[in-house]
Structure formats: structure tokens, C-alpha cells
Amino acid sequence: MAERSTAAVDVADNSDGESLTAEADQSTADGVANNRERDTDSDEAQVSAETNGSGKASPPELHSGHKLARRYRLEECVTRLDGFSSWRAVDEKLRRAVGVHVLPAEHARARSVLAAARSSALLGDPRFVQVLDAVEDNDLVYVVHEWLPDATELTTLLASGPLEVYDAYQMVSQVSSAMAAAHREGLAHLRLNPNAVLRTSTGQWRIRGLAVNAALRGVTSETPQRADTEAIGALLYASLTQRWPYENDAYGLSGLPKDLGLIPPDQVRAGVHRGLSELAMRALANDGATASRHEAACTTPEELVKAIGEMPRIRPPEPAFTTPPEYQRTSYQQSPYGRPAARPGVTQPVPTPPPPLQSRTGKALKWGVSALLIAALGLGSWQLADVLMNRGGKADDQHQTQTTDDGDKNTGKPASGKPVAISGARDFDPYGDQSEKPSQIGNVYDGDPSTYWQTDFYLSSDFGRLKSGVGVILDLGKVQQVGKVTVTFIGSTSVELRSAGADAASEPASFDAYSKVAAGKGTTVELKPGKAFESRYLLVWLTDLPMQSSGEWRGRLADVKVTS
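Numbering (our numbering), first residue to last: 264 to 827.
The set of hints was computed from the structure by calculation and includes no laboratory data. There could be a bad hint or two in this list.
Stated by the list, open to error - Using 27 Å as the maximum straight-line C-alpha spacing, the simulated DSSO-like pairs for lysine-lysine come out as follows:
{"no.": "1", "residue 1": "LYS791", "residue 2": "LYS747"}
{"no.": "2", "residue 1": "LYS794", "residue 2": "LYS747"}
{"no.": "3", "residue 1": "LYS700", "residue 2": "LYS824"}
{"no.": "4", "residue 1": "LYS681", "residue 2": "LYS629"}
{"no.": "5", "residue 1": "LYS784", "residue 2": "LYS794"}
{"no.": "6", "residue 1": "LYS626", "residue 2": "LYS791"}
{"no.": "7", "residue 1": "LYS824", "residue 2": "LYS747"}
{"no.": "8", "residue 1": "LYS741", "residue 2": "LYS700"}
{"no.": "9", "residue 1": "LYS794", "residue 2": "LYS741"}
{"no.": "10", "residue 1": "LYS700", "residue 2": "LYS681"}
{"no.": "11", "residue 1": "LYS681", "residue 2": "LYS741"}
{"no.": "12", "residue 1": "LYS730", "residue 2": "LYS681"}
{"no.": "13", "residue 1": "LYS700", "residue 2": "LYS629"}
{"no.": "14", "residue 1": "LYS794", "residue 2": "LYS700"}
{"no.": "15", "residue 1": "LYS794", "residue 2": "LYS824"}
{"no.": "16", "residue 1": "LYS784", "residue 2": "LYS569"}
{"no.": "17", "residue 1": "LYS741", "residue 2": "LYS629"}
{"no.": "18", "residue 1": "LYS794", "residue 2": "LYS730"}
{"no.": "19", "residue 1": "LYS700", "residue 2": "LYS626"}
{"no.": "20", "residue 1": "LYS791", "residue 2": "LYS741"}
{"no.": "21", "residue 1": "LYS626", "residue 2": "LYS521"}
{"no.": "22", "residue 1": "LYS791", "residue 2": "LYS824"}
{"no.": "23", "residue 1": "LYS730", "residue 2": "LYS784"}
{"no.": "24", "residue 1": "LYS681", "residue 2": "LYS569"}
Stated by the list, open to error - Beta-carbon label-pair distances, calculated as ranges:
{"no.": "25", "residue 1": "GLU581", "residue 2": "GLY534", "range": "49 to 59 Å"}
{"no.": "26", "residue 1": "ALA533", "residue 2": "SER724", "range": "37 to 47 Å"}
{"no.": "27", "residue 1": "SER464", "residue 2": "PRO809", "range": "46 to 56 Å"}
{"no.": "28", "residue 1": "THR483", "residue 2": "ASP388", "range": "44 to 54 Å"}
{"no.": "29", "residue 1": "ALA533", "residue 2": "ALA559", "range": "24 to 34 Å"}
{"no.": "30", "residue 1": "GLU324", "residue 2": "ARG537", "range": "53 to 63 Å"}
{"no.": "31", "residue 1": "THR786", "residue 2": "GLY746", "range": "45 to 55 Å"}
{"no.": "32", "residue 1": "PRO809", "residue 2": "SER773", "range": "50 to 60 Å"}
{"no.": "33", "residue 1": "LEU722", "residue 2": "THR787", "range": "21 to 31 Å"}
{"no.": "34", "residue 1": "GLY534", "residue 2": "GLU558", "range": "16 to 26 Å"}
{"no.": "35", "residue 1": "GLU797", "residue 2": "THR483", "range": "33 to 43 Å"}
Backbone N, C-alpha and C fix where the C-beta goes; we use that ideal spot for every residue, glycine too.
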């Protein structure tokens, strides 16, 4: 068994934890909001053992209705703890909800909070809840961040049970890649827990409080990458088992039994995905005490991303087929006007329809139609024979002309490009949840323009600022010459044609492996590069979506044709 490590879990001694917990539980004048957008851990009795001196200062005397910078109107206090307070507020200038952290300017951590907020704002990664403003105004320091009313904390999701395998896979994939990007810019979270991870209504996972949450509490670490990696492992462990992988209960989850050690998730709960169970152990056991069946521990988010990439891809579950309801007769069909009501116990005989065309008029009509058909067949046969005889007379002349011109150069127009068959296709969503309606992908090249593949819906034409695009990878079966690709959309859509090149031995998995060769916009777009090129794998990349009649933005690709 692996030994437990608490590098990223903020476990404190009892005295410190109790005092701060009591302080967090005190109701403010406006009440502590039970809101899924809370930024602090009001339900956890944990404060980091690495916390620097509390440096407590009196919290600002704020109340609902108070305005900051004559713009941010405080609405509801989420938490008041350790000299700072967090609020749900309204940006009256842009008419939107925001979150605000407020602390006195003389607070011991005011400067570090400002520095962390400004560094986080410069990252600009849409996978993180964005810092919108960081200001020192007279005697106050406040940080304004996005408020996501349609997002749900992982804590709330786990309250009803473990995540499905695909959801857990998407969570750890997106959180790991986001934290790897943050660490490349020198930013760490150090407070990565179920309260800081949110799932939006579109299925995207976003991280709240990058650098800022730790700065508010004075949390530091000598090994920040290792701390964040272990925190991701704890998130995955909890998502698979609905248990917190330490002895203490936290975030509404029960801890592991004492003196048992860190056991793999698939030994805690039946039916856990084996690959994800091993991944959680590799992230958690950062002290090297891994079980014999596990590979080397992952000590950085980058290593965790690489380990996820080496796993077999977990596909989303197939949509369940629902049996259509039985046919219901209309009120007219059920009424006595539609048909006579049957008496109880009496079977109504079904009337036999009369044989067709048995009257004198019907017989005359049959003979007339027969005569017309016979005449039409005779006339058609005569015309066909005449045409064949005329062609036979001209065949020799044509043959002679072709023979004479064989030595001359061809001065006619070149033949148009030949169709190139598409042997397969796959949805491509590298900047999202790795999946975009895969069950509909066959509609792209089935030759039927009435069927289509569609994207998920988004809140704006630029994918809600969550990603730069989505697309479809076309497999031509082998390296072939490509002269033009014609795509048909439902609604005007911006699109790029990208190629993996002739040297790609297998389908590239990253977006950067595809180079742009053409672009356009419309409902039927001819993507024709400057000159023909050779490739086996093509990427049709959607960059701007049309609005549908329902008011949402969604791309719909009805047909793709490739010619040489």
C-alpha cells in the first residue's frame, strides 16, 4: 500500500482548524450564502499547515448594497473568514453578475493577493474562471472575477454519487491540461479541491481561484507542481469512489478508514475503470511509495497529461434508444363521427372494398390505356432503331478523326478533378472535452445532404470563448492528391481546410500537426488551395458558427466532397 501524502490537501493542526472553522461558521449580517459559486471552503475544516502568519486585520465593514468604485454593487456575502470576505455582486456598468474578494489594504496578504490576481488575469486561459479586475482603492483591496450561474461545483455533483466513467475521464483530462498550461507560465493553484472545479451547462470543466485562493489564505509550497498533481489525483479518486482519499472527512465526502492506507479506487468500489484507478494512484502517491502494479508516479501536471494520452481513449456512452409511444388515435377518430361505436361483446365486421374497375366505364378505361401503351411502345422502338442506324453511319468518321489526330497535341480544356472517396471520418475537439457528437459523424460523407453532423450548442458564434474551434478529420484511405474540398453547411459558417501532409504515417492527434491550406465562409464553400497537394488526413475546422432558430449557436455540416 502507498503511504498517504498531504502535500496538497491543506490539513492543519486541530487548534488552528477549529478556530478558523468557528470563524467561518459565524453568520454575517447578510447571511452566509449556500451558493454553488462560493469561492471559499466554508464546509471544510482545513487550513494549510504551510500558511504563513495569519496577519489578521479587521474585515471591512461592508453590507449588501455597498458599491465599490461606484460600479460593483455587493449583493450577498458568501464567506467572511481570516480578515477577508467574498461576495456575489453586480457589475452595474456591464449589467452582469460577478464575484468579489475584499480585504483591508493593511492586511498582511493584501500585496500578495493583488500580485496573484494580476498574474492570473494575464494568463487569459478560458479553462480558468477569469479575473476581471484587481484594485487597491484607498483602504480596500478587492479582486473581481467571473460568476458562472450555470456552473455546478464538483462537490455538488459528488453529493449524488460518483461520476460516470466518461465524465471522470473528461474532468481529469481537462483539469490536468489546464494546470499544465498554468505551470508553464509559472502559476500554481495550491487550493485545487472539489469546490474549485466547476462543470458548465455545456459540459466544459473550469477551475476557479488560480493563485488567488492560495494567496488569500497565505498557502505556499516548495513543490507547487507536485502539490497540484496530487490534488488532481484526489479529485479523480473522489470522482470514482465518492470517498476522500485521506482519513479525514472533507467536502461532504467520507474519508478512508483509519490505519488502512491508501488503497486503489477499484478496491474501494466495484466497477471502477481500471485505467482511471491506476491513474489516480500514480498522481496521489507522489512520495514514490506506489503499489507494485502501478507505474512510476506522476509528479507534475505535464506528466499526468502524458499518462492520460497513453491511455486508450474513453468514448462517451451511446445515447439510449427510447421506444416510440404507441399510436394514439385523434379525438375525431375516437368519436362516433369518425366511425360507429362498437357495442360491447360484438365484433364489428371489416367491410371488403369492391374490386376496382368492374363497371362498364372501368373496362373501357382499361382498354383505352392498354391501346395507348402499345402505341407508345411501337413509336419508341421505331425512333430508337432510327437513332442507332444514324450513329452507326457516323462511327467510322469519328474513328477516322481520332486516328488522324493521335499525333497532335491536345488543345481542348483539361478534364475536371476526379472525386476522391472518403474512407472514414472522426470528430475532433482538442480544446474541449475531446468529443463532439461522434454518433453523427457518418452523415458528413454519406452523400445525403438532408443528414448532417452538428456541434454542441454554444452561447456565442465563437464557441462561447471556450475554444478556437471544432472540426472533422477525414481519412482518404491512403495518401492522395487533393485539389479541392467542397463543404455544405446548414447556415453560413466560417471554415478552414487543414492538411496533415503526405508524411503523416498515422492520424495526428494534435491540432498543431495540421497546416492551414484554405479558408472560406458560407453555406456551400469551395476550399481550393493555391495548388494541389498530397495528404491522407484532412481537417475541416469550423471557426465561427451560425445562430439557429432556437437562439443558440451551433454548426451543422451536411456534406463534404473531395476532388483531386
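Hints versus structure:
1. Straight-line distance between C-alpha atoms of LYS791 and LYS747 comes to about 5 Å, which keeps the hinted pair within the 27 Å bound.
2. A hinted pair counts as satisfied when its Cα atoms are at most 27 Å apart, and LYS794 with LYS747 qualifies at roughly 9 Å.
3. Annotation: proposed proximity of LYS700 to LYS824 holds, straight-line Cα distance about 20 Å (limit 27 Å).
4. For the hint linking LYS681 to LYS629, the alpha-carbon distance of about 49 Å lies beyond 27 Å, and the restraint is violated.
5. This hinted pair checks out: LYS784 and LYS794 have alpha carbons roughly 20 Å apart, not beyond 27 Å.
6. Proposed proximity of LYS626 and LYS791 is contradicted: the alpha carbons are some 62 Å apart, above 27 Å.
7. The straight-line distance between the Cα atoms of LYS824 and LYS747 is roughly 8 Å, inside the 27 Å bound, and the hint therefore holds.
8. Among the hinted pairs, LYS741 with LYS700 is consistent with the structure: their alpha-carbon atoms are about 25 Å apart, no more than 27 Å.
9. Of the pairs offered as hints, the one joining LYS794 and LYS741 holds, with about 19 Å between alpha carbons and a cut-off of 27 Å not exceeded.
10. Restraint check: the Cα-Cα separation between LYS700 and LYS681 comes to about 30 Å, which exceeds 27 Å; the hinted pair is violated.
11. With a C-alpha separation of about 16 Å, the suggested pairing of LYS681 with LYS741 holds against the 27 Å cut-off.
12. Distance hint between LYS730 and LYS681 is unfulfilled; the C-alpha atoms sit about 35 Å from each other, more than 27 Å.
13. Taken as a hint, the LYS700 and LYS629 pair is broken in the structure, with Cα atoms around 55 Å apart against an allowance of 27 Å.
14. Restraint check: the Cα-Cα separation between LYS794 and LYS700 comes to about 33 Å, which exceeds 27 Å; the hinted pair is violated.
15. Taking the CA atoms of LYS794 and LYS824, the gap is about 17 Å. The hint holds against a cut of 27 Å.
16. For the suggested pair LYS784 and LYS569, the alpha carbons sit about 36 Å apart, so the restraint of at most 27 Å is broken.
17. At most 27 Å may separate the alpha-carbon atoms for a hinted pair to count; LYS741 and LYS629 exceed this at roughly 59 Å.
18. Between LYS794 and LYS730, the direct Cα distance comes to roughly 30 Å. Violation of the 27 Å bound is thereby established for this hinted pair.
19. Restraint check for LYS700 and LYS626: the C-alpha separation of about 58 Å exceeds 27 Å, so the hint is violated.
20. Restraint check for LYS791 and LYS741: satisfied, since their Cα atoms lie roughly 20 Å apart, inside the 27 Å limit.
21. Straight-line distance between C-alpha atoms of LYS626 and LYS521 comes to about 96 Å, which puts the hinted pair past the 27 Å bound.
22. A threshold of 27 Å between alpha carbons decides the hint, and for LYS791 with LYS824 the separation of about 12 Å falls inside it, so the pair holds.
23. Taking the CA atoms of LYS730 and LYS784, the gap is near 19 Å; set against the 27 Å cutoff, the hint holds.
24. The suggested pairing of LYS681 with LYS569 is violated, with an alpha-carbon distance near 41 Å, which exceeds 27 Å.
25. Distance hint check: the CB atoms of GLU581 and GLY534 are about 18 Å apart, inconsistent with the given range 49 to 59 Å.
26. A hinted range of 37 to 47 Å for the beta carbons of ALA533 and SER724 is consistent with their spacing of about 45 Å.
27. For the hinted restraint 46 to 56 Å between SER464 and PRO809, the CB-CB distance of approximately 20 Å leaves it violated.
28. Checked against the hint of 44 to 54 Å, the pair THR483 and ASP388 fails, with Cβ atoms roughly 22 Å apart.
29. The hinted range of 24 to 34 Å is satisfied by ALA533 and ALA559, whose Cβ atoms lie roughly 27 Å apart.
30. The hint said 53 to 63 Å for the Cβ distance between GLU324 and ARG537, and at roughly 55 Å that hint holds.
31. At roughly 22 Å, the beta carbons of THR786 and GLY746 sit outside the given window of 45 to 55 Å.
32. Checked against the hint of 50 to 60 Å, the C-beta distance between PRO809 and SER773 comes to roughly 28 Å, which is inconsistent with it.
33. Restraint check, LEU722 to THR787: a C-beta distance of roughly 27 Å satisfies the suggested window 21 to 31 Å.
34. Here the CB-CB span from GLY534 to GLU558 is close to 23 Å, well matched to the stated 16 to 26 Å.
35. The hint said 33 to 43 Å for the Cβ distance between GLU797 and THR483, and at roughly 54 Å that hint is violated.
Hint compliance for this structure: hints 4, 6, 10, 12, 13, 14, 16, 17, 18, 19, 21, 24, 25, 27, 28, 31, 32 and 35 are broken, all remaining hints hold.
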